[in-house]
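Trainee: Sequence:
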Amino acid sequence: MDKLHVAIGLWTILAVWRWGDWRNWKKYYPTMLYMSLGACVYLFLYGQDALWNPRPSLLLDKQNELLYLFVIMPCSALLYLSNFPAKLKSKLIHISKWILIYILVEWIGYLFHEITYNSGWNLWWSLVFDMIMFPMLILHHRRPLLALVLSVFAAMGLMAFFPPHWG
152 MDKLHVAIGL WTILAVWRWG DWRNWKKYYP TMLYMSLGAC VYLFLYGQDA
202 LWNPRPSLLL DKQNELLYLF VIMPCSALLY LSNFPAKLKS KLIHISKWIL
252 IYILVEWIGY LFHEITYNSG WNLWWSLVFD MIMFPMLILH HRRPLLALVL
302 SVFAAMGLMA FFPPHWG
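Using my numbering, the first residue of the sequence shown is number 152, and each one after it goes up by one.
Please note that a few of the clues may not be correct.
To be verified - Derived lysine-lysine pairs resembling BS3-like cross-links, with alpha carbons at most 30 Å apart: (1) K238 x K248; (2) K240 x K154; (3) K238 x K178; (4) K154 x K248; (5) K240 x K177; (6) K248 x K178; (7) K213 x K177.
Derived by calculation from the structure, the hints in this document are not laboratory data.
Using the sequences and the hints given, assemble the complete structure.
Mentor: So, in C-alpha cells, the structure goes:
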C-alpha cells in the first residue's frame with residue numbers, strides 16, 4: 152500500500168470526522184455494511200484476478216484490502232448518506248460530486264501507477280460502476296431489500312462482461 156492509499160484513508164477519516172453525522176451513525180450503519188459487503192463479494196468472486204488492484208508497497212495486499220473494506224468504504228458511505236440533500240437538483244449534484252471524487256482519485260492513482268487494471272477493465276468501466284454504486288447506496292438506505300435484489304443482478308452483469316477466472 153503506497154502513500155496514496157494511506158492518504159485516501161486519512162482524508163476519509165478526517166472528512167467523516169468533520170462532516171459526517173456521527174450522532175446518527177446507526178441510521179447509516181446497514182448501508183455502510185452493504186458497501187463493504189459488496190466489496191467482499193467482489194474480492195471473493197475475483198480473488199487474485201481482480202479487475203483493478205491498488206499497488207501495494209508499504210503493506211501487504213490483504214492489509215490494503217482491509218483499509219478499503221473497514222475504513223474507506225464505511226466512512227465514505229456515512230459521509231455520502233449523512234449529507235444527502237432533499238431537493239432533486241441538489242440530489243443530482245451530490246451524486247455527481249461523489250462520482251467525480253471517486254473517479255478523480257482513481258484517475259490520479261492510475262496516473263501515478265498506484266492502480267492497475269486487468270481483463271479489459273479501465274477508468275471508463277469504473278465510471279460506469281460509480282454511476283451505479285452511488286444511487287444504489289441511496290436505494291439501500293431507503294429500500295434495502297430492493298437494493299440487495301438489484302445488486303445480485305448487477306453482480307451477474309459484471310460477471311457476464313468480465314468473467315472471473317475460477318480454477
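Trainee: Of the numbered hints stated previously, which ones are contradicted by the structure, given in increasing order?
Mentor: 2
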